[in-house]
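Build out the structure end to end from the sequences listed, making use of the hints.
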Amino acid sequence: MVQWLTGIVDFVTWYKILGDVHTRQKRPIVMLHGGPGFNHMYIPVVFYDQIDLRQYPDSPPEFWTVDFFKDELDNLLRHLGIRDNFDIFSHSWGGIFGSDYASNRMHPSLKRLILANTFCADQLPDGLGDVLQKHEAEGIRHSPEYKETLAIYRNIHLCTLTSWPENLMDSMANGKGNRHPEFTMSKRLKDWSVIDVLHNVTCPTLLLSAPQDEMWESAVRPFFLNIPQCKWVELQNSSHVPMYEDPDK
438 MVQWLTGIVD
448 FVTWYKILGD
458 VHTRQKRPIV
468 MLHGGPGFNH
478 MYIPVVFYDQ
488 IDLRQYPDSP
498 PEFWTVDFFK
508 DELDNLLRHL
518 GIRDNFDIFS
528 HSWGGIFGSD
538 YASNRMHPSL
548 KRLILANTFC
558 ADQLPDGLGD
568 VLQKHEAEGI
578 RHSPEYKETL
588 AIYRNIHLCT
598 LTSWPENLMD
608 SMANGKGNRH
618 PEFTMSKRLK
628 DWSVIDVLHN
638 VTCPTLLLSA
648 PQDEMWESAV
658 RPFFLNIPQC
668 KWVELQNSSH
678 VPMYEDPDK
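According to my numbering, the sequence shown holds residues 438 to 686 in order.
These are computed hints drawn from the structure, not numbers from a lab. We treat Cβ as the ideally placed atom computed from N, Cα and C, and that holds for glycine. Don't take every hint at face value.
Said to hold, decoys possible - In silico BS3-like pairs for lysine-lysine, Cα to Cα no more than 25 Å straight-line: (1) LYS584 x LYS453; (2) LYS668 x LYS548; (3) LYS548 x LYS584; (4) LYS584 x LYS507; (5) LYS453 x LYS507.
Unchecked claim - Distance ranges between label pairs, derived from CB positions: (6) ASP511 x ASP633: 18 to 24 Å; (7) TRP451 x SER630: 44 to 50 Å; (8) TYR452 x GLU585: 37 to 43 Å; (9) ARG464 x VAL439: 18 to 24 Å; (10) ARG464 x ILE589: 21 to 27 Å; (11) PRO581 x ASN541: 41 to 47 Å; (12) GLU671 x LEU598: 14 to 20 Å; (13) TRP451 x GLU654: 32 to 38 Å; (14) PRO641 x TYR452: 23 to 29 Å.
Following this line, the structure appears as structure tokens:
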């Protein structure tokens with residue numbers, strides 16, 4: 438655990454290290470998981486669990502910003518003593534503040550960046566997204582139409598496997614989507630964008646996406662067009678969780 442003193446609420450971040458982060462031969466990779474509100478369990482490489490509302494339900498709303506999670510990451514890097522030389526792998530929600538971190542903090546010690554199944558804009562594929570957003574905006578999340586559409590949406594765009602992995606199910610059960618609108622961005626994220634500052638990312642970047650992912654190609658392409666050193670790989674046999682759907686890739 439690493440303590441994080443913000444001046445208003447004192448937080449604790451859980452983390453686990455695989456290997457020696459202080460060896461000179463290997464640069465550590467920091468994993469930014471999805472959600473928000475998920476934990477690290479659905480990805481078979483363990484790094485840290487971001488602070489979320491389940492741990493601190495009484496914390497003030499103004500804490501939950503992209504900058505908050507970037508500050509938490511900086512606090513962890515300082516605690517581990519790796520802030521001068523590290524890589525980032527970010528997935529889904531992790532790619533939001535991971536790309537924001539790389540673009541706006543312009544950390545010269547960030548040597549490599551991976552953005553997996555993430556986006557530059559608030560978009561949902563096909564007409565299913567419109568139905569889900571409509572019901573969430575109206576506060577109707579228990580209607581048969583919403584539940585049926587959500588099940589179809591998840592099976593097409595989230596995970597295409599017939600039997601979902603236990604780690605993924607556990608993360609979803611603990612995630613923000615089970616207690617808050619899953620497909621309607623909060624006021625603090627609704628207008629979020631890094632498109633205009635992506636040119637600030639100076640490290641080599643690997644962009645991963647999939648044709649059936651809930652992140653549309655139009656929401657992914659700006660990364661490729663604006664990050665100077667960006668390689669884009671599309672994983673054809675997966676949707677949002679390729680680590681389970683197409684692990685060989």
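Quick rundown of the hints versus the structure:
no. : hint                        : result
1   : LYS584 x LYS453             : 36 Å, violated
2   : LYS668 x LYS548             : 15 Å, holds
3   : LYS548 x LYS584             : 43 Å, violated
4   : LYS584 x LYS507             : 34 Å, violated
5   : LYS453 x LYS507             : 19 Å, holds
6   : ASP511 x ASP633: 18 to 24 Å : 23 Å, holds
7   : TRP451 x SER630: 44 to 50 Å : 30 Å, violated
8   : TYR452 x GLU585: 37 to 43 Å : 39 Å, holds
9   : ARG464 x VAL439: 18 to 24 Å : 20 Å, holds
10  : ARG464 x ILE589: 21 to 27 Å : 42 Å, violated
11  : PRO581 x ASN541: 41 to 47 Å : 43 Å, holds
12  : GLU671 x LEU598: 14 to 20 Å : 19 Å, holds
13  : TRP451 x GLU654: 32 to 38 Å : 35 Å, holds
14  : PRO641 x TYR452: 23 to 29 Å : 25 Å, holds
Going down the numbered hints, you'll see the structure goes against 1, 3, 4, 7 and 10, while the others check out.
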